[in-house]
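Peer 1: These are the residues of each chain, in order.
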Amino acid sequence: MKLSAKLAGAVSGLSILLSAAAVSAETLFWSTQARPAEEAQAMRTDVLAGFGPGVDYQPNEEGPWLTRLKAEIEANSGSIGVLGSLHGVFSSLNADDLVDLDDLGVSSSSATFNNLAKLGTDNMQYVPWMQASYIMAANKEALQYLPEGADIDALTYDELIQWSANVHEAVGQPKFGFPAGPKGLKHRFFQGYLYPSYTNGVVRTFASDEAVTAWEKFKELWEHTNPASTNYNFLQEQLLSGDAWIVFDHTSRLAQAFNERPDDFVAFPAPAGPTGRGFMPVLAGVAIPKTAPNMDEAKELVKYLLQPETQIATLRATSFFPVVDVDLPDDLPPAVRAAGDAVAKMSGSSDANPGLLPAGLGSMGGDFNRVFVDTFERIVLAGQPIDRVLADQKKTLQKIMDETGAPCWAPDAPSEGACPVE
Amino acid sequence: MSDATVSEIALPRAPGKAGRYVYISGVVLLCAWVLIPLYLLLVNTLSSPETVNSFPKSFIPEFDLGSLEFFTGFSGMLVALKNSIIVAAITMVLSILIGAPAGYALSRFDFRGKELFRLLILLTRAFPLPLLALPLAVLFIRTGLDDTAFGLALVHTTLAIPFSVLITFSLFSGIPIELEEAAWTLGCNRVTAFQKVVLPLILPGITASAIFAFVISWNEVFAAAVLTIENRTLTAFLLQTLSESPLHLKFAGGFILVVPALIFIFAVRKYLFAMWGIANR
Amino acid sequence: MNARLLPYVLIAPVTAFLCVFFLYPFFLVAQQAFTTGNGFTMDNFREVVGYWKFPISMRNTFLLALAVVPIQLALSLLMATMVNKMKRGRDLVLYVWTIPLGISDLAAGIIWLAIFEQSGFLNSMLHGLGVVDQPTSFLSYQNLTVVFIAIMLAEIWRATAIMLVIIVAGIGLIPKEYYEAAEVFGASPWKRFVKVTLPLLRPSLQTALILRVVLAFEVFAVVAALGGSTFPVLMEQIYENQFLLQNSGTAAALALIVLAISIFFTLIILRALRVPKGATI
Chain A
1 MKLSAKLAGA VSGLSILLSA AAVSAETLFW STQARPAEEA QAMRTDVLAG
51 FGPGVDYQPN EEGPWLTRLK AEIEANSGSI GVLGSLHGVF SSLNADDLVD
101 LDDLGVSSSS ATFNNLAKLG TDNMQYVPWM QASYIMAANK EALQYLPEGA
151 DIDALTYDEL IQWSANVHEA VGQPKFGFPA GPKGLKHRFF QGYLYPSYTN
201 GVVRTFASDE AVTAWEKFKE LWEHTNPAST NYNFLQEQLL SGDAWIVFDH
251 TSRLAQAFNE RPDDFVAFPA PAGPTGRGFM PVLAGVAIPK TAPNMDEAKE
301 LVKYLLQPET QIATLRATSF FPVVDVDLPD DLPPAVRAAG DAVAKMSGSS
351 DANPGLLPAG LGSMGGDFNR VFVDTFERIV LAGQPIDRVL ADQKKTLQKI
401 MDETGAPCWA PDAPSEGACP VE
Chain B
1 MSDATVSEIA LPRAPGKAGR YVYISGVVLL CAWVLIPLYL LLVNTLSSPE
51 TVNSFPKSFI PEFDLGSLEF FTGFSGMLVA LKNSIIVAAI TMVLSILIGA
101 PAGYALSRFD FRGKELFRLL ILLTRAFPLP LLALPLAVLF IRTGLDDTAF
151 GLALVHTTLA IPFSVLITFS LFSGIPIELE EAAWTLGCNR VTAFQKVVLP
201 LILPGITASA IFAFVISWNE VFAAAVLTIE NRTLTAFLLQ TLSESPLHLK
251 FAGGFILVVP ALIFIFAVRK YLFAMWGIAN R
Chain C
1 MNARLLPYVL IAPVTAFLCV FFLYPFFLVA QQAFTTGNGF TMDNFREVVG
51 YWKFPISMRN TFLLALAVVP IQLALSLLMA TMVNKMKRGR DLVLYVWTIP
101 LGISDLAAGI IWLAIFEQSG FLNSMLHGLG VVDQPTSFLS YQNLTVVFIA
151 IMLAEIWRAT AIMLVIIVAG IGLIPKEYYE AAEVFGASPW KRFVKVTLPL
201 LRPSLQTALI LRVVLAFEVF AVVAALGGST FPVLMEQIYE NQFLLQNSGT
251 AAALALIVLA ISIFFTLIIL RALRVPKGAT I
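Chains as they are written, first to last, in the UniProt record's numbering: chain A, 1 to 422; chain B, 1 to 281; chain C, 1 to 281.
In case anyone wonders, no lab produced these hints; they're calculated from the structure.
As the structure is a prediction and not an experimental result, all values here were calculated from the model.
Glycine included, every Cβ here is placed at the ideal spot set by N, Cα and C.
Some hints here could point you the wrong way.
Here are some chain B residues pointing at chain C (derived, C-beta under 8 angstroms) [to be verified]: (1) Tyr21; (2) Ser25; (3) Gly26; (4) Leu29; (5) Val34; (6) Leu35; (7) Leu40; (8) Phe117; (9) Leu166; (10) Ile167; (11) Ile175; (12) Asn189; (13) Val191; (14) Ala208; (15) Leu242; (16) Gly254.
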């Protein structure tokens with residue numbers, strides 16, 4: 001009978017497999033960054049190929065990334081050599097599970113970043129690896145509708161709203177694009193941009209009168225926002241397709257648009273509000289789990305990643321900027337140049353109001369983000385009254401701060417003990 | 001089958017001409033319903049990045065192979081493809097070998113705990129795998145099953161078992177026990193009766209289970225991403241990062257993933273019809 | 001072999017297998033649902049049920065299952081009867097209809113998003129036909145009905161084949177004599193379908209329905225692709241709790257709620273489509 005022959009073949013194939021468990025000496029680099037196919041490929045061929053002992057670069061979504069890491073730690077045996085992820089993810093891990101990295105002798109040139117990397121302990125738990133930020137970008141078609149007298153490099157929120165309204169009126173369609181999809185980074189806009197620009201705080205001022213104004217302004221902007229924004233996760237797609245003309249997103253989530261059609265788009269700083277031009281960095285780091293199979297090689301890889309040449313190669317591959325001092329070459333990809341300019345203008349502006357990354361929230365980081373996402377969905381999508389929603393969400397926020405005891409971070413004024421929601 | 005023409009696609013009792021047209025157009029319509037989205041995937045796969053992003057979109061592919069070529073240069077694709085096939089094959093064999101006897105038992109015998117057993121089978125499908133992945137991964141790392149095709153196939157078999165048990169159960173239920181009994185009186189023992197009479201009858205069910213096992217394993221991402229490192233499957237390798245890749249690569253990657261599954265279903269499709277049923281017609 | 005022991009011998013492999021690869025991790029996870037660090041508690045359940053999105057996700061999941069499954073049942077029965085009557089080309093037609101089986105839900109989400117998005121194929125077509133001047137935004141939060149219909153279509157496209165394959169395998173087992181007898185008594189095609197096909201197909205119908213319903217409560221990837229953040233479903237909440245909030249207790253609690261719902265509906269289907277033991281045809 002044919003079927004049984006096939007079965008027999010499959011079973012014998014199975015036994016061959018079981019005996020062939022290859023052992024590889026490559027260091028496993030388990031990362032949540034540089035996931036898109038092209039970036040991952042560039043990481044392998046352009047960035048990590050130069051590391052002698054060999055690297056197996058495997059980018060993963062956060063779900064499998066965390067599950068695998070937790071399993072290795074629980075089993076106390078693992079194959080992950082080096083971890084790459086965002087500050088927020090590292091701070092949700094147990095610092096004991098990560099190897100202290102002070103003796104490596106490498107760190108970023110920013111004391112703030114190095115301090116964040118201690119995750120509230122006395123030692124370096126991860127090494128800052130690369131940085132980015134969120135910026136605005138626009139299709140050049142939209143420039144003709146800029147409100148009179150507005151300078152695209154020094155926009156205010158009111159001007160942005162007016163601009164989007166002009167475009168809406170002229171084209172007949174709302175063309176502002178906002179990353180409100182399930183994987184979009186909308187919460188960062190509220191935490192690092194809207195709130196600091198209107199309330200000069202994030203936690204303390206969460207339910208203040210200024211916050212009510214901020215949300216009213218955002219609702220105005222939303223009038224001119226493409227309603228499909230609730231599906232947008234990476235706004236480079238909508239820039240390229242023309243579904244959105246003026247957008248806000250993470251620099252590396254806009255990169256493809258600039259690299260593909262550099263002449264069609266402009267990048268510019270985030271707008272300013274009554275309390276300055278709020279903005280926020282993105283910080284990715286590399287760490288070593290205590291279960292790393294080959295500790296020495298893992299440490300070598302971390303050092304390698306922090307070398308200026310590697311940092312520049314990483315910049316080309318991922319559009320994430322170096323965290324050490326390097327001389328940037330002139331032949332950078334268009335996306336990097338555009339984003340670099342916009343970030344420089346943003347941080348160099350006279351009304352700059354830089355915020356820090358949330359710190360001390362530990363595993364409650366996700367809950368913290370959810371407060372802002374929920375507030376957005378209830379106020380803007382569900383149309384609930386702003387003051388009621390803020391009063392409601394305030395309780396959740398306060399509970400998170402009390403449970404973690406996290407002190408305030410900039411631009412909130414420093415606090416003794418847990419940051420209070422006023 | 002004879003050299004019949006399409007017009008022979010007919011209802012048993014000669015229907016009116018109109019009836020036949022309705023019938024034929026129904027078939028064509030349903031085929032179109034299935035094929036058009038796939039065709040659009042193909043169009044996007046064979047288009048240049050600019051075209052993929054353009055509006056209005058063209059409905060005719062321009063045969064730009066750039067996106068597909070990108071993946072041919074993607075390191076590790078072939079190894080991952082091989083791993084995927086191996087895992088899917090083991091899953092198929094295991095789920096049928098383990099599942100079919102249970103399906104037979106459910107259809108032929110009344111035993112204590114039968115209902116409980118059925119619920120257990122179903123529970124497996126009603127609980128999300130990503131939550132189970134953590135304890136499983138710990139178990140696998142401790143026992144050395146971690147990062148093996150066999151280990152991953154065990155997990156995929158767990159997912160496929162409800163299908164193989166329940167499908168074989170429903171098929172066995174449709175075969176009269178008298179048929180087996182008749183074979184016994186004609187000198188077969190239980191085993192040869194099974195082989196000569198029952199097996200050919202349930203071949204469609206086995207095929208259906210095999211198809212399910214294959215596609216379940218082929219398309220499973222989460223466990224594959226967590227439980228394989230060196231021996232990554234194609235799905236874990238491609239699919240989980242696909243949704244974040246640029247549009248044209250998204251489509252090309254999606255297309256690459258679809259093709260092997262389609263080839264497999266094509267290869268086994270004819271076993272889906274009961275031999276007996278056909279012979280009787 | 002002792003006839004009383006035989007069924008247990010037959011189900012032993014599956015049971016042992018599921019104990020190791022399903023029940024063991026399942027109990028570890030389920031335990032977390034009832035603990036928060038200090039002993040037994042229902043806090044996790046209270047927390048997830050009290051979350052404002054829970055009722056919405058619950059409603060969405062139910063609505064979707066309620067809208068999709070009956071259509072899929074009818075459609076797959078129709079397709080199975082059609083394919084069964086074919087004399088020529090039925091291999092091919094059946095193959096075409098089972099194609100979506102090979103497409104993972106993630107890939108299906110990508111394909112259907114390409115159709116419905118603002119600069120997608122549907123708008124391109126409407127634009128080409130001159131129906132609209134400017135592409136309309138179908139998947140907007142302001143028009144949830146359209147979003148719902150889009151998700152429905154994608155789900156019907158993707159998952160009808162699951163039921164179709166099971167039903168086709170079952171329908172082939174129905175002896176032709178029954179139809180001939182029915183014909184002799186002058187039964188119309190519809191009568192034959194209702195009086196012969198449906199009753200004899202009961203085991204397969206039951207299996208197809210149960211599997212489909214259980215899977216319907218785990219719908220996620222297609223919904224996330226088309227509905228974005230405007231159409232939360234239960235499975236999405238489970239992921240959010242497990243991975244974004246990193247709270248395995250609440251995630252497990254939600255998963256248990258989904259499990260309970262699945263069991264409830266399974267029992268209903270089992271009662272409604274009871275298959276008599278050793279069913280005789």
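Peer 1: Failing hints, ascending?
Peer 2: 1, 2, 4, 12 and 13
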